[in-house]
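Residue numbering for the sequence shown follows the numbering used here, beginning at 2 and increasing consecutively.
It should be emphasised that the hints constitute simulated quantities derived from the structure, not laboratory data. Careful: at least some of the hints might be erroneous.
[Unchecked claim] Derived pair list, reagent style BS3-like, types lysine-lysine, alpha-carbon separation capped at 27 Å:
| # | residue 1 | residue 2 |
| --- | --- | --- |
| 1 | K278 | K234 |
| 2 | K278 | K247 |
| 3 | K16 | K247 |
| 4 | K423 | K384 |
| 5 | K247 | K69 |
| 6 | K247 | K66 |
| 7 | K371 | K382 |
| 8 | K382 | K423 |
| 9 | K16 | K384 |
| 10 | K384 | K278 |
| 11 | K247 | K234 |
[Claimed, not checked] Label-pair restraints from in silico Cβ distances:
| # | residue 1 | residue 2 | range |
| --- | --- | --- | --- |
| 12 | S201 | K278 | 46 to 52 Å |
| 13 | L88 | R241 | 42 to 48 Å |
| 14 | A323 | V369 | 28 to 34 Å |
| 15 | E169 | R380 | 31 to 37 Å |
| 16 | D27 | N53 | 29 to 35 Å |
| 17 | G179 | T413 | 25 to 31 Å |
| 18 | R274 | E89 | 46 to 52 Å |
| 19 | E169 | R33 | 22 to 28 Å |
Ideal Cβ placement from N, Cα and C applies to all residues, glycine included.
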Amino acid sequence: MPTYYLWNIGCQMNKAESDQLAECLDGVGYRRLARPDDADLVLLNTCVVRGNAEERVRGELSRLKGLKALRPGMSVAVTGCFVGGGLEELRERFPHVDLFFPAGQVALFRDWLSERVATGCHGAGVSLSAGPAAPAAYVPIIRGCNNFCSYCIVPYRRGREISLSPEEVVARVQDLAGRGAREVTLLGQNVNSYGKDLLSRADLTDLLAQVNGVPGIERIRFLTSHPRDVDEKFVDAMARLDRVCKWISLPVQAGDDRVLQAMRRGYTVEEYRRLVKRMRARIPGLALSTDVIVGFPGETEADFGRTVALLSELRFDTVHVAAYSVRPGTLAARTMPDDVLPEQKGRRLQEIEEMQERISAELNSSLVGKRVEVLVERRAKGKWEGRTRTNKLVFFSDAGEWTGRLADVEVTSASPWSLQGKVALRTEVGAR
């Protein structure tokens with residue numbers, strides 16, 4: 002049986018696409034390995050959204066060059082945002098790579114793989130049905146981005162927005178449900194732009210209503226929402242649809258209007274603040290996650306202070322913070338000097354992380370003694386692991402088998418990053 006190794010970094014979209022690539026390989030008889038050393042095929046799904054991610058990709062490619070020199074029969078394929086324009090340049094720089102294919106183009110990989118199977122490469126050729134799905138699965142519904150925020154390389158690497166039809170999405174969700182998935186996360190770089198390019202003009206709200214009716218699916222999430230595209234129709238749907246989780250990732254990126262304008266985000270701090278307050282009023286118990294960039298070109302201490310003040314005021318459940326990283330080809334890279342010193346970026350990042358750690362600890366501690374519904378995803382290091390409907394990570398110990406089940410868990414302790422608990426009911430809770 003031929004073997005493969007799949008290396009993945011980056012966003013949830015990358016994870017979803019890696020899952021699809023793995024399905025292709027599993028379906029023709031490849032067996033997955035935990036290390037690349039003995040694999041017949043090594044597949045890299047890459048990310049270049051920040052400089053450190055791109056450095057990791059280049060390091061992995063360099064390591065594979067040495068490995069392939071020792072094992073010339075090994076094949077190497079590379080996808081993800083590292084593969085943008087200039088394929089010929091990539092082929093010249095990395096001649097040990099057998100295939101470069103753009104992010105999201107799973108069909109190109111499938112065709113390449115089919116040709117290799119047909120010619121007997123690696124001895125593959127066994128046709129297998131798709132195996133069980135993970136309890137929580139990702140479903141891409143729109144690829145690309147039309148926003149062109151000044152710091153972001155994604156539109157240049159993933160292209161303009163292209164939505165799948167509602168029929169394609171629902172069919173994918175039904176397939177996953179039939180193979181055991183209980184939760185789906187609908188994915189897009191800008192998920193609330195879903196449907197703008199479709200003749201039917203079906204939008205994300207319409208799609209959520211359809212997925213809400215798929216038998217076997219108990220929870221629906223979506224990532225990532227642009228604040229500018231969240232309208233009243235969507236907020237009402239979040240409040241009304243019983244399977245839609247009361248959790249949203251709503252990146253703010255900065256708490257200063259001048260910085261937001263330079264980022265080309267398309268909203269003001271006050272508009273963002275009003276949106277958060279409106280959503281919290283309409284959706285009781287809503288959990289909020291956000292993203293922040295520190296050290297953007299021209300960000301002063303006063304600008305940064307306003308970002309800290311906004312985060313302190315709105316008290317998000319989770320804040321993902323990153324230091325600004327120059328991405329070649331973006332508007333910021335072309336027109337704005339990277340004038341915030343690395344040590345300043347590091348200090349600002351640490352300040353936000355420490356503040357958010359305190360806020361998350363306080364919010365999570367308020368759940369101690371309460372019972373939460375947990376979709377159990379796996380058992381690791383002797384404990385069951387899953388998430389609440391508000392995306393809180395929960396660990397508990399129990400002798401039973403809980404994978405893929407909904408557990409009623411009493412929270413016994415909390416940290417800034419997770420909850421610990423014990424099973425309150427021995428039977429599965431409220432599945433339909």
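The hints, checked one at a time:
no., hint, verdict
1, K278 / K234, "holds, 16 Å"
2, K278 / K247, "holds, 14 Å"
3, K16 / K247, "holds, 23 Å"
4, K423 / K384, "holds, 11 Å"
5, K247 / K69, "violated, 48 Å"
6, K247 / K66, "violated, 46 Å"
7, K371 / K382, "holds, 25 Å"
8, K382 / K423, "holds, 16 Å"
9, K16 / K384, "holds, 24 Å"
10, K384 / K278, "violated, 37 Å"
11, K247 / K234, "holds, 15 Å"
12, S201 / K278: 46 to 52 Å, "violated, 33 Å"
13, L88 / R241: 42 to 48 Å, "holds, 46 Å"
14, A323 / V369: 28 to 34 Å, "holds, 31 Å"
15, E169 / R380: 31 to 37 Å, "holds, 33 Å"
16, D27 / N53: 29 to 35 Å, "holds, 31 Å"
17, G179 / T413: 25 to 31 Å, "violated, 36 Å"
18, R274 / E89: 46 to 52 Å, "holds, 48 Å"
19, E169 / R33: 22 to 28 Å, "holds, 26 Å"
Going through the hint list in order, the structure does not satisfy hints 5, 6, 10, 12, 17.
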